[in-house]
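Each chain, written out:
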Amino acid sequence: MSVARTIAVGFDGSRESESAVRWALLEAHQPHDDVVVVHAAGMLEHLHGALSRDVTPPRVLVLARECNFNEMHLRWFVDDGDACSVLLRAGAPPINADLLVVGSRGKGHRAELLLGSTSLEVVQNATMPVVVVPTHSSL
Amino acid sequence: MVLIVNENYDDAGHEDPGHPERPSRTNAARSAIADLHLGSDLVTAPFRVASRAELLLVHHGNYLDELGAFCYDGGGDIDQDTYATYDSWEIAKSAAGAGLSVIDAMRARDDAVGFVVTRPPGHHALADRAMGFCLLNNVAIAAAALVRRGERVLVLDWDVHHGNGTQQIFWNNPEVLYVSTHQSPLFPGSGFAGEVGGWNAIDRTVNIPLPSGATGDILQRALEELAAPVIEDFAPTWVLVSAGFDAHRADPMAELQLTSGDFAGLAHLATSFAHQPGRVAMFLEGGYDLDALRDSLHATLAAALGATTSTESRSNGGPGAEEVTRAARERRAAIEALHILETSERAP
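Protein chains in written order, with our numbering: chain Z, 28 to 166; chain E, 3 to 350.
Certain hints may be false.
What the hints assert, rightly or not - Looking from chain Z toward chain E, a few residues come up when the C-beta cut is under 7 angstroms (computed):
(1) L74
(2) L88
(3) A91
(4) V105
(5) D106
(6) D107
(7) G108
(8) D109
Think of the hints as simulated: they come from the structure by calculation, not from any bench. Here the structure is a predicted model, which is why all the values come from computation and not from measurement. Glycine included, every Cβ here is placed at the ideal spot set by N, Cα and C.
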């Protein structure tokens, strides 16, 4: 009998992160697998209040429906910090992710070319298995 | 006492339209200093740019190379908060150099308070990564330079955000004591009371997380009760302050409720932590409401110089007493746990 897993996936509103969410929702095929969609709230987001902490963004709900994912097992989690730190914390409480899914590129593509990508840093420092979903994924 | 500030330099090239970390912040800070009317008691430390060797005391060489290349390629958004422009690399090196220059000027005398008017701010910058509006960690670079000279440095960080970069850089360094008061939860999501330092520096980090709405009385009491005994034991030869003014109640970036009068109280406290006169230097970090920044800095410097000035009344009555008690408990537990682990690792 398989054990239910918690799959965390980073979401910053970009198309790349949507691909990652879609991959995580399709990967969570065990009946009780949970998917936690994790969003990093930076300093500017606190100022502008871009995404609610309590309400799952409609786009994430649409993705769940498209993947026939049971919304009872979908969780929206906003954590304060930069994307890299927040994703790395997903392996610890309160999420305790068994698997972390990230897009290969987030927002700020140009910086990633010269300053290193969030996904690379996450892979190098994570304490859990990480899946990097390519930018041009067919998902 | 005299006030030593860094020579003004042009930071207008580091700007992203609409971004709150903007050149008018340093203009507001300069205006607050001018309003002190110090005459000959205002001394200017000469302009200089931090050398690569000085930056390497704190930052990784690869990061410096990549940041410089990114800027010379035209810059852009580094992450969701942090930007750089073509000019940012030179401006960031000038910001780091400004701190070193003020410290150098202070070392030649014992009757000065230092204030470093710089941007971009620095306390979120990690050894190998920019974040939270910060490119180079100005206060850490100055602290590292002092440690290299054999000094013991207290970094007191009263910015409303936890200075994760400074904490990380000195996590395992027993010659630096890092003390932070900050709103929590809030960006960058670190700064919990149980973070007390690495194996070589247990109890060299003091974090005091405060809830939204906390007032100056709580913050001041927390520093006196939790941090002051550790600072006394550490006996710093220098006190560097990460002086952010975004804990002011008018600042849009957070929800602490401090007034300019509270910052005057914090300046008194910072001065009391120095074991000899002329060894307190403050670095501008956050502060995004220009009026609050100007008033709070004015009150801070007046208090540090021993001058009288009219300020807002100190704030009191906000939440946070329970959180401070809990923080004290979590600190003790974390330190005890580390000591037990340390003892068991050394056992044969």
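Checked hints:
About 6 angstroms separates the beta-carbon of L74(Z) from the nearest beta-carbon of chain E, less than 7 angstroms, and the hint is met. For L88(Z), the interface hint is violated, the least distance from its beta-carbon to any beta-carbon of chain E being 22 angstroms, above 7 angstroms. A least Cβ separation of about 24 angstroms between A91(Z) and chain E goes past the 7 angstroms threshold, and the interface hint is therefore violated. Restraint check, V105(Z) versus chain E: the minimum CB separation of about 10 angstroms is more than 7 angstroms; hint violated.
At a threshold of 7 angstroms, the smallest CB-CB gap from D106(Z) to chain E is about 6 angstroms, leaving the interface hint in force. Restraint check, D107(Z) versus chain E: the minimum CB separation of about 4 angstroms is within 7 angstroms; hint holds. Among the interface hints, the one on G108(Z) holds; its C-beta lies about 4 angstroms from the nearest C-beta in chain E, closer than the 7 angstroms criterion. This hint holds: D109(Z) has a C-beta 5 angstroms from the nearest C-beta of chain E, less than the 7 angstroms allowed.
The structure fails hints 2, 3, 4 (numbered hints given earlier, in ascending order).
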